[in-house]
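Could you put together the complete structure from these sequences and hints?
Each residue of the sequence shown is one higher than the one before, counting from 1169 in my numbering.
You may find that some hints are simply not true.
Computed beta-carbon distance windows for the label pairs [unchecked claim]:
(1) Leu1256 <-> Ser1172: 33 to 43 Å
(2) Val1175 <-> Leu1256: 35 to 45 Å
(3) Leu1356 <-> Arg1391: 36 to 46 Å
(4) Asp1361 <-> Leu1384: 29 to 39 Å
(5) Val1358 <-> Arg1391: 35 to 45 Å
(6) Glu1264 <-> Val1171: 28 to 38 Å
Source of the hints: derived by calculation from the structure; they are not laboratory data.
Because the structure is a prediction, the values reported are computed rather than measured.
C-beta: ideal position from N, C-alpha, C; glycine also.
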Amino acid sequence: MGVSEIVLLVLCLMAGVIVQRVTGMGSNLVIAPFLILIFGPVGGVVLVNMVGAVIAAILTAQLRQGIDRPVFVRLLAGALVGCVPGVLVVRAMPEELLTPLIGAILLLGLVLSRALAGRFARDFAHEGRSGLAVGAGFLSGATNVVSGAGGPPIAVFALVTDWDHRRFAATYQPYFVIVAVVSVVLALVVMDDALPRLAAPVWALVVASLLAGAALGGPVAARIPVRHARRGMILVSA
1169 MGVSEIVLLV LCLMAGVIVQ RVTGMGSNLV IAPFLILIFG PVGGVVLVNM
1219 VGAVIAAILT AQLRQGIDRP VFVRLLAGAL VGCVPGVLVV RAMPEELLTP
1269 LIGAILLLGL VLSRALAGRF ARDFAHEGRS GLAVGAGFLS GATNVVSGAG
1319 GPPIAVFALV TDWDHRRFAA TYQPYFVIVA VVSVVLALVV MDDALPRLAA
1369 PVWALVVASL LAGAALGGPV AARIPVRHAR RGMILVSA
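Okay, structure coming up:
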């Protein structure tokens, strides 16, 4: 990697952490285009998930008090199942067909979420006993393995069920740590040369960038009203 690419990598990583701290998600959507461009569709997605897992782990430590455990369990159960067909799709379908299909499905989901927002809030309030959580997790797991973008289905779920944004942001972090790690493991098992090769100093710079972004993200998030953070969640999902 050249100097300009390393500088862009640092800026993208820091921006990704800040976006995720403010909106609850979105780091992968910020960093994925750059990493996939540099490392290709397979190595790029693997690296996106590796970085995303670290970001979410850092933010889990900051937001752990707000985790909605019943919903977390249901989302994760669906996601772990969804990761399996996600891997099968990656192996079977050409990327040029897969990417626009996923984008169309997610966009449709966001449009429907605005029309249905709040309709299922009462059902959701009963300890998260809603098949919507499992279904959202399933789609999230599948799309995360394919593209590194597992957040939008969870954002749709949050909008449809009128989930409190602070609870959403806290719960998404440990959820994504597990989903991203599973996605990486599956990719390494079923695909050759999936792990990007980076020099040790670059890996160290990656970690330093993530920590710096986390340090900046807290104060930024504290200054942004919840309603604006929720709008930001919608924007980074689209």
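Hint-by-hint comparison with the structure:
no.: 1; hint: Leu1256 <-> Ser1172: 33 to 43 Å; verdict: 38 Å, holds
no.: 2; hint: Val1175 <-> Leu1256: 35 to 45 Å; verdict: 38 Å, holds
no.: 3; hint: Leu1356 <-> Arg1391: 36 to 46 Å; verdict: 40 Å, holds
no.: 4; hint: Asp1361 <-> Leu1384: 29 to 39 Å; verdict: 34 Å, holds
no.: 5; hint: Val1358 <-> Arg1391: 35 to 45 Å; verdict: 44 Å, holds
no.: 6; hint: Glu1264 <-> Val1171: 28 to 38 Å; verdict: 32 Å, holds
The structure is consistent with each of the numbered hints, conforming to all of them.
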